[in-house]
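*Asks:* Please model the entire structure based on the sequences and the hints provided.
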Amino acid sequence: DAGVTQSPTHLIKTRGQHVTLRCSPISGHKSVSWYQQVLGQGPQFIFQYYEKEERGRGNFPDRFSARQFPNYSSELNVNALLLGDSALYLCASSPEMGGYTFGSGTRLTVV
Amino acid sequence: ILNVEQSPQSLHVQEGDSTNFTCSFPSSNFYALHWYRWETAKSPEALFVMTLNGDEKKKGRISATLNTKEGYSYLYIKGSQPEDSATYLCAPDVYSGGGADGLTFGKGTHLIIQP
Chain A
1 DAGVTQSPTH
11 LIKTRGQHVT
21 LRCSPISGHK
31 SVSWYQQVLG
41 QGPQFIFQYY
51 EKEERGRGNF
61 PDRFSARQFP
71 NYSSELNVNA
81 LLLGDSALYL
91 CASSPEMGGY
101 TFGSGTRLTV
111 V
Chain B
1 ILNVEQSPQS
11 LHVQEGDSTN
21 FTCSFPSSNF
31 YALHWYRWET
41 AKSPEALFVM
51 TLNGDEKKKG
61 RISATLNTKE
71 GYSYLYIKGS
81 QPEDSATYLC
91 APDVYSGGGA
101 DGLTFGKGTH
111 LIIQP
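Chain order of the listed sequences is A and B.
Residue numbers in the first sequence follow my numbering, run continuously in steps of one, and reach 111 at the last position.
Residue numbers in the second sequence follow my numbering, run continuously in steps of one, and reach 115 at the last position.
Some hints could be false.
Simulated crosslink set (DSS-like; lysine-lysine; CA at most 30 Å straight-line) [unchecked claim]:
hint, chain 1, residue 1, chain 2, residue 2
1, B, Lys42, B, Lys59
2, A, Lys13, B, Lys107
3, B, Lys57, B, Lys107
4, B, Lys78, B, Lys107
5, B, Lys59, B, Lys69
6, B, Lys42, A, Lys52
7, B, Lys59, A, Lys30
8, A, Lys30, B, Lys42
9, B, Lys58, A, Lys30
10, B, Lys107, B, Lys59
11, B, Lys42, A, Lys13
12, A, Lys30, B, Lys107
13, B, Lys69, B, Lys57
14, B, Lys57, A, Lys30
It is worth saying that the hints were derived from the structure and are not from the lab.
Predicted model only: the values in this text are computed from it and were never measured.
*Replies:* Here it is in structure tokens:
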């Protein structure tokens, strides 16, 4: 059974550009969460979606947005990229209550 | 924003030795505590989800205890092996006002097992 899959695995973008990261949850999981991890820190919560609706949002600017599709896959979008957005972006899927399973992440480098 | 502290930040242990490290978190509105093991270039792997005060969980040579009243959890590794080398993350899950606040992770304990 496939785990949480994220694409792409690595990405290089220029300041000011836009980026879209994708996540496919484990089959049967209806909730997807996004986290940002910068070097030396633990992952920081960005968004949680459940049944295609936003359930929670972390302390991130409006440049960050996300959505969840009818098949429960999700996209994270970041506009007007800054150098500080360089990080590993992790997606986690879960059934309705807890039990988060993480993907291996997308490494975003902004130059 | 929750204050989650993990100590030590890094740890070098001889193969075969046992070790332990700590996760401290605010005890108010506690719902669950998650422990993850994260090896380089892999995805974080769930070790334990703990909810009850006094709970103790075990997975092979790894075990964890939970004290929700004072807000701490210990992770123990018995007879460390090189494959235990990883960063160990803890994350409390709390009741929020109807929304989802996600997990708040500590910075992790980076464990290196020396042969």
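*Asks:* If a hint holds in the structure, say so; if it doesn't, say that too.
*Replies:* Taking the hints in turn, this is what the structure says about them:
no.	hint	result
1	Lys42/B / Lys59/B	holds, 20 Å
2	Lys13/A / Lys107/B	holds, 27 Å
3	Lys57/B / Lys107/B	holds, 22 Å
4	Lys78/B / Lys107/B	holds, 23 Å
5	Lys59/B / Lys69/B	holds, 24 Å
6	Lys42/B / Lys52/A	holds, 27 Å
7	Lys59/B / Lys30/A	holds, 27 Å
8	Lys30/A / Lys42/B	holds, 23 Å
9	Lys58/B / Lys30/A	holds, 28 Å
10	Lys107/B / Lys59/B	holds, 23 Å
11	Lys42/B / Lys13/A	holds, 23 Å
12	Lys30/A / Lys107/B	holds, 28 Å
13	Lys69/B / Lys57/B	holds, 18 Å
14	Lys57/B / Lys30/A	holds, 27 Å
Consistency note: the structure conflicts with none of the earlier hints.
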